[in-house]
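Asks: Construct all of the structure, not just a fragment, from the sequences and the given hints.
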Amino acid sequence: GNSVTQMEGPVTLSEEAFLTINCTYTATGYPSLFWYVQYPGEGLQLLLKATKADDKGSNKGFEATYRKETTSFHLEKGSVQVSDSAVYFCALKGWGNQGGKLIFGQGTELSVKP
Amino acid sequence: KAGVTQTPRYLIKTRGQQVTLSCSPISGHRSVSWYQQTPGQGLQFLFEYFSETQRNKGNFPGRFSGRQFSNSRSEMNVSTLELGDSALYLCASSPGQVSSYNEQFFGPGTRLTVL
Numbered sequence: 621g622n623s624v625t626q627m628e629g630p631v632t633l634s635e636e637a638f639l640t641i642n643c644t645y646t647a648t649g650y651p652s653l654f655w656y657v658q659y660p661g662e663g664l665q666l667l668l669k670a671t672k673a674d675d676k677g678s679n680k681g682f683e684a685t686y687r688k689e690t691t692s693f694h695l696e697k698g699s700v701q702v703s704d705s706a707v708y709f710c711a712l713k714g715w716g717n718q719g720g721k722l723i724f725g726q727g728t729e730l731s732v733k734p
Numbered sequence: 039k040a041g042v043t044q045t046p047r048y049l050i051k052t053r054g055q056q057v058t059l060s061c062s063p064i065s066g067h068r069s070v071s072w073y074q075q076t077p078g079q080g081l082q083f084l085f086e087y088f089s090e091t092q093r094n095k096g097n098f099p100g101r102f103s104g105r106q107f108s109n110s111r112s113e114m115n116v117s118t119l120e121l122g123d124s125a126l127y128l129c130a131s132s133p134g135q136v137s138s139y140n141e142q143f144f145g146p147g148t149r150l151t152v153l
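Going down the list, the protein sequences come from chains D and U.
Residue numbers for the first sequence follow our numbering, so the first one is 621 and each next one is one higher.
Residue numbers for the second sequence follow our numbering, so the first one is 39 and each next one is one higher.
No lab work stands behind these hints, which were simulated from the structure alone.
Hints should not be assumed to be uniformly reliable.
[What the hints assert, rightly or not] What follows is a list of derived Cβ distance ranges for each label pair:
#1 Ser65/U / Lys688/D: 32 to 42 Å
#2 Lys51/U / Ala673/D: 41 to 51 Å
#3 Asp674/D / Gly100/U: 40 to 50 Å
The C-beta atom is built at its ideal place from N, Cα and C for all residues, glycine as well.
Replies: In structure tokens:
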């Protein structure tokens with residue numbers, strides 16, 4: 621079945637450091653890929669998405685490129701801020717009648733120190 | 039537009055009781071999905087409704103059920119609560135026809151604690 625694997629956390633960075641959170645997936649057909657962020661005590665917020673191979677999603681300085689050849693969707697940001705501290709989830713939505721179901725990775729906690 | 043709202047935000051129940059959680063989607067959205075979030079299992083899909091019909095169901099026991107009303111509001115029910123049902127229950131809505139392209143917008147969740 622479909623699945624998502626993320627790098628384990630927690631990840632601790634200094635402010636202005638470069639961020640990469642690795643995400644790989646297993647899926648049949650043509651899934652859509654998403655990154656969600658969860659701040660303490662809150663629900664999930666969509667950060668960015670990509671719906672086909674080679675698409676690049678971007679938002680608030682974060683980027684991720686849908687790589688079908690490596691089945692990856694790594695999240696990157698050039699310069700993190702303290703306010704980026706949160707848990708980040710990679711997710712996919714399958715094709716056809718699985719389209720309403722998000723499958724999540726285990727989440728990666730990011731802590732940014734001033 | 040108002041976001042997805044979930045009520046109540048916090049609940050404390052005891053083992054064996056039942057509980058009903060409510061979700062109001064974003065106005066105009068017709069698809070509602072439910073997820074359970076726990077530290078051990080992470081985020082797991084419970085079920086998905088579109089136009090009052092359950093379209094998809096996750097791998098949860100029959101104690102977990104849900105429904106959707108004609109105004110797209112949704113409820114989920116858990117009967118005979120167990121300690122392991124303690125979790126954050128998240129509702130998400132999507133616009134229009136269910137599709138793999140449509141993003142899901144999440145509510146703040148209902149934190150259920152079973153004692």
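Asks: Next, verify each hint and record whether it holds.
Replies: For each hint, the structure was consulted:
At about 36 Å, the CB distance of serine 65/U to lysine 688/D agrees with the hint of 32 to 42 Å. Distance hint for lysine 51/U and alanine 673/D: a CB-CB separation of about 46 Å, consistent with the stated range 41 to 51 Å. Between aspartate 674/D and glycine 100/U the C-beta distance comes to about 43 Å, which sits within the given range of 40 to 50 Å.
Consistency with the previously given hints is maintained throughout, with no hint failing.
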